[in-house]
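Student: Here is how the chains run, residue by residue.
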Amino acid sequence: MNEVLSAITAVCRRAAAGDLEARLPTIGDDATAVECRNALNDLLDISDAFVREAGAASAAAAQGRFHRRILTPGMRGAYRSAAEQISASINEMSRSSERLAEATQARLALADELEHAVLRVSEQVATAATEMGASANGLADFARSAVTDAERGLGTVQSLRIAADQILTAVDLINQVAKQTRLLALNATIEAARAGEAGLGFSVVAGEVKSLADETSASSGEIMGQVNRVQQVAADAVAVLEAVTESIREMSGLTNGIAAAVDGGDELDGLSQLAEVLRSEVSRFVATARQT
Amino acid sequence: MRTLRSRPTGIERTFGPDEIIVTKTDPRGVITYANDVFLRISALTEEEALGQPHNLIRHPDMPRAVFKLLWDTLGRREEIFAYVLNLALDGAHYWVFAHVTPSFDAAGRLVGYHSNRRRPDPGAVRAVKQVYDRILHTEKGHPTTRSAVDAGWRQLEEELGPRTYDEFVWSITNRTTR
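Same order as they appear, the protein sequences are chains E and Y.
Heads up: the first sequence begins at 1 in our numbering, then just goes up one per residue.
Heads up: the second sequence begins at 1 in our numbering, then just goes up one per residue.
Next up, chain Y with everything else stripped away, as it sits in the complex:
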C-alpha cells in the first residue's frame, strides 16, 4: 500500500464544469463514500480513500482558520460554502468551490457530512488566494497549532471586516460566475 501523504509538486489539476466531486463522511469526518470524480482528481483508489479522515487531501497552503470556520459552522448544523485548495496523492493540487452540509436521518439525528465540490472560476480563486495567503503568512509565524489557529482566526476576521465569510464567498462567486 502506498503512503497516503505526498509533497506538493505545484502542478494544478482541474475538472469539468459540469462535474461534481462528491464525498460523504461519518460524523467524525472519516470518508464513507467518494465518487469517481473525487478518486480521479485526487489520484486515489477507492480502497485508499474509504476509512481515511477527510484531511487526507489537506493542502499545506490552506489556512487552518478556514477549517476551524468549516467545523464550527457544521457544528451549528448549518451549511457552508468555501473555496478550498486540495492536494492529490500524486502531489498535484486543485481548487474547489465546496458546499458542505450535515446529513440527518429521518429522526433528525446527524449521520455524517456531505460535500459537493464544483469547479471554481479562476478569477474567484485569485481573489480568495490573496486573502488565504495573508492568513497563512500570519499562521506560519506561530510556533504552536493552537496559537496559529487563534492568530489566523483574528486575521480572517480582519480580512472580512463587517461581512461574514458566507457573504465574502458569495460576493466573489456572484461577481465571477454569471
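The following block holds chain E by itself, in its conformation from the complex:
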C-alpha cells in the first residue's frame, strides 16, 4: 500500500513541477487500482494535451499561421472554456491581421494611383513646356523680324520726306523762274507798246509768255499743297511705326520671360526640370510608402 502511494506521490510531484511526461505505471490488477491509475493518467493526459495545444496554437498564431486552430474536442469544463478563449483570441488576431493586410493593400493601391497621376501630370507639363518653349522662341523670332521690318518702313518714310523736301526746293526754284518770266513779259509788253504799230505782234507773244508764267505759278502752288499733305501723312506714318516698334519690343521682353520660365535660366529651374523634380520626389515617397 505504501509503495503504491509513493508511486502516486512521485508522479504527482513530477507533474506539479511541470514534467508532464510522468505517468503512473501499473499499481495492481484489481478494478479499483486500474480505475485509480486510469483516472490519474487521464488527468495527466488532458493537462499534457491542453498545454501542448495552448502553447503550439499561440505560437502558430504569432507566426501568422492562423489556419492552425486550437482543438477543443477532448477538452471539457475549464479546459474547454480556456481553449475556446484562446480560439477566440486567435480569431481576433486573424481578423486584425486581415485588416492590416487590407490596409496595406489600400496603401499600395493609393501609392500606385498617386504615382500614375503624377507621372501623367509631369509628362503633360513636360510636353506643354516643350510646346511653350517652341512657341516663345517662335514669337521672339517673329518680334525680331517685325521690328526689323518696321525699322525698314521708317527708313522708307524718311526717304519719302527727303524726296518731298527736294521736290519743294525744285518747285520753289520754278516759282522764282515764273516770277522773273512774268516780270520779263511785262517789260516786253511795255517795250512793244512804245514801238507802236511795229510792236503789235511782239505784244501778243509777250501776253502769251505772261499767261504761261501764271499757269506755271498756279501749278507750283498746287504741287506744294500736295507735297505738304504727303509730308503730313509721312509724319503720321513715322509716329505709328515708332509706336508699333515699341509695342513689339515690349512683347519681345515678355516672350523672353516666358522662355526663361519654361527653359530655366540663371539659378532657376525650368518647367521641365520642375516636373522632373516633382516626379522623382513622388517616386521616392511612393517607394517609402510601399516598403513600410
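There's no promise every hint is true.
To be verified - A few chain Y positions that, by computed beta-carbon distances, are all more than 12 Å from chain E: (1) Pro17; (2) Ala43; (3) Pro53; (4) Leu56; (5) Pro60; (6) Gly75; (7) Leu89; (8) Asp90; (9) Ala92; (10) Gly112; (11) Pro120; (12) Glu157; (13) Glu159; (14) Glu167; (15) Val169.
Claimed, not checked - If you only want the chain E side, here are some residues facing chain Y, beta carbon under 7 Å, derived: (16) Glu21; (17) Arg23; (18) Asn38; (19) Asp45; (20) Arg52; (21) Ala56; (22) Gly64; (23) His67; (24) Arg68; (25) Pro73; (26) Gly74.
Said to hold, decoys possible - Label pairs and their in silico Cβ distance ranges: (27) Y/Thr14 <-> E/Ala289: 40 to 46 Å; (28) Y/Pro122 <-> E/Cys12: 36 to 42 Å; (29) Y/Ser147 <-> E/Thr9: 52 to 58 Å; (30) Y/Ser147 <-> E/Arg13: 48 to 54 Å; (31) Y/Thr14 <-> E/Glu92: 29 to 35 Å; (32) E/Ala16 <-> Y/Thr9: 41 to 47 Å; (33) E/Leu100 <-> Y/Asn55: 53 to 59 Å; (34) E/Thr26 <-> Y/Asn55: 23 to 29 Å; (35) E/Ala103 <-> Y/Arg7: 56 to 62 Å.
Just so you know, these hints were derived from the structure itself, not from any lab.
Even for Gly, the Cβ is constructed at its ideal location relative to N, Cα and C.
Fit chain Y to the supplied structure of chain E, relying on the hints for placement.
Tutor: Same frame as chain E, now just chain Y:
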C-alpha cells in the same frame, strides 16, 4: 503471446468525440506509454503495446509518403497534424486526426514524441482518403520501398500544389469541424 500483426478485416471502429487516444514514444519511436483509449481501440493489452515500435498499428492502406512527412517534420522539432488510418490488432481499422509533437526535457533535449489523436469528421476522412488512395496507387507501382517513397512523395507534392500538407489538413479540418 499473440502475434502482433494482423490482416485488415474491413471493419471500421470509432471512438467518442471527447476521447483522446494518447501514446508516448522514446526518440526511436518505441511506445513508452499508451492510455486506456488507445489500448481499447487498438485491441491491445498494455503488455503487448509497451516496448513495441509505433508502426505496430500501421495500416497497409496508408501511403509511406505521409509517414516520411511525419518523421521529417518531427525531425525539425516541429508539430504535425495528420489524418491517419490505423490498424487494430484484431484487424479492425480506425481513422484518427493525429497531433504529434516532440517532447523536450527542461534542458531542451528531445526525450521522445507524444501523440494525441481525436475522432475525425467523416467528411474530412472522405476528402483525405481520396488523396491518400491516389498516392498509394502510385506507390504500389514501385518494386522497392525506396522508389515507392520517392514516387509517393512526388505524388503528394503534386496533390498539394502550392499548399503545404499542414495547410491542406487544416483547410479540410476547418471546413468540416465547425
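Student: Each hint needs a verdict: does it hold in this structure or not?
Tutor: Hint by hint, here is what the structure shows:
1. The non-interface label for Y/Pro17 is inconsistent with chain E: the shortest C-beta to C-beta separation is roughly 6 Å, within 12 Å.
2. With a closest Cβ-Cβ approach of about 17 Å to chain E, Y/Ala43 is found to remain outside the 12 Å limit, as its non-interface label requires.
3. Listed as a non-interface residue, Y/Pro53 keeps its Cβ farther than 12 Å from every Cβ of chain E; the least gap is roughly 19 Å.
4. Distance check for Y/Leu56 against chain E: the nearest CB is about 19 Å away, which clears 12 Å, and the non-interface claim stands.
5. Residue-level check passed: Y/Pro60 sits 28 Å from the nearest beta carbon of chain E, beyond 12 Å.
6. With a least beta-carbon separation of about 17 Å from chain E, Y/Gly75 lies farther than 12 Å from that chain, consistent with its non-interface assignment.
7. Every beta carbon of chain E lies more than 12 Å from that of Y/Leu89, the smallest distance being close to 20 Å; the non-interface claim holds.
8. Against chain E, the non-interface label of Y/Asp90 holds: every CB pair exceeds 12 Å, the least being about 21 Å.
9. Its beta-carbon lying about 21 Å from the closest one in chain E, Y/Ala92 satisfies the requirement of being farther than 12 Å from that chain.
10. Under the 12 Å C-beta cut-off, the non-interface status given to Y/Gly112 relative to chain E is violated; the minimum distance is some 7 Å.
11. In this structure Y/Pro120 is not separated from chain E by more than 12 Å, as the shortest Cβ-Cβ distance comes to only about 10 Å.
12. No Cβ of chain E comes within 12 Å of the Cβ of Y/Glu157; the nearest lies about 19 Å off, and the non-interface call holds.
13. For Y/Glu159, the non-interface assignment is confirmed: its Cβ lies about 18 Å from the closest Cβ of chain E, beyond the 12 Å cut-off.
14. Distance check on Y/Glu167: its Cβ comes as close as 6 Å (rounded) to a Cβ of chain E, failing to clear the 12 Å threshold; non-interface status is violated.
15. The claim that Y/Val169 lies off the interface is violated: its Cβ sits roughly 9 Å from the closest Cβ of chain E, which falls inside the 12 Å cut-off.
16. Interface restraint check for E/Glu21: the shortest CB-CB distance to chain Y comes to about 6 Å, inside 7 Å, so the restraint holds.
17. At a threshold of 7 Å, the smallest CB-CB gap from E/Arg23 to chain Y is about 5 Å, leaving the interface hint in force.
18. This hint holds: E/Asn38 has a C-beta 5 Å from the nearest C-beta of chain Y, less than the 7 Å allowed.
19. Because the beta carbon of E/Asp45 sits about 5 Å from the nearest beta carbon in chain Y, less than 7 Å, this interface hint is met.
20. For E/Arg52, the interface hint holds, the least distance from its beta-carbon to any beta-carbon of chain Y being 5 Å, beneath 7 Å.
21. Satisfaction of the interface hint for E/Ala56 is found here, the shortest Cβ-Cβ separation to chain Y being roughly 5 Å, below the 7 Å cut-off.
22. Taking 7 Å as the C-beta contact cut-off toward chain Y, the hint placing E/Gly64 at the interface is violated, the least distance being around 12 Å.
23. The restraint placing E/His67 at the interface with chain Y holds, with a minimum CB-CB distance near 4 Å, inside the 7 Å limit.
24. A hinted interface residue such as E/Arg68 counts as satisfied when its beta carbon comes closer than 7 Å to some beta carbon of chain Y; here the least separation is about 6 Å, so the hint holds.
25. Hint on E/Pro73 holds. Least Cβ distance to chain Y is approximately 5 Å, under the 7 Å limit.
26. Using the Cβ-Cβ criterion of 7 Å, the hint placing E/Gly74 at the interface with chain Y is satisfied: the shortest such distance is roughly 4 Å.
27. For Y/Thr14 and E/Ala289, the hinted distance range of 40 to 46 Å is not satisfied, since their beta carbons lie about 55 Å from each other.
28. For Y/Pro122 and E/Cys12, the hinted distance range of 36 to 42 Å is satisfied, since their beta carbons lie about 39 Å from each other.
29. The hint said 52 to 58 Å for the Cβ distance between Y/Ser147 and E/Thr9, and at roughly 54 Å that hint holds.
30. A beta carbon spacing of about 51 Å between Y/Ser147 and E/Arg13 agrees with the range 48 to 54 Å that was offered as a hint.
31. As the Cβ distance of Y/Thr14 to E/Glu92 is approximately 34 Å, the hint placing it in 29 to 35 Å holds.
32. In this structure the hint that E/Ala16 and Y/Thr9 lie 41 to 47 Å apart at CB holds, the actual value being about 44 Å.
33. Separated by about 44 Å at the C-beta atoms, E/Leu100 and Y/Asn55 break the suggested range of 53 to 59 Å.
34. For the pair E/Thr26 and Y/Asn55, the supplied restraint of 23 to 29 Å holds, since their beta-carbon distance comes to about 25 Å.
35. Remark: the range hint 56 to 62 Å for E/Ala103 to Y/Arg7 is upheld by a beta-carbon distance near 59 Å.
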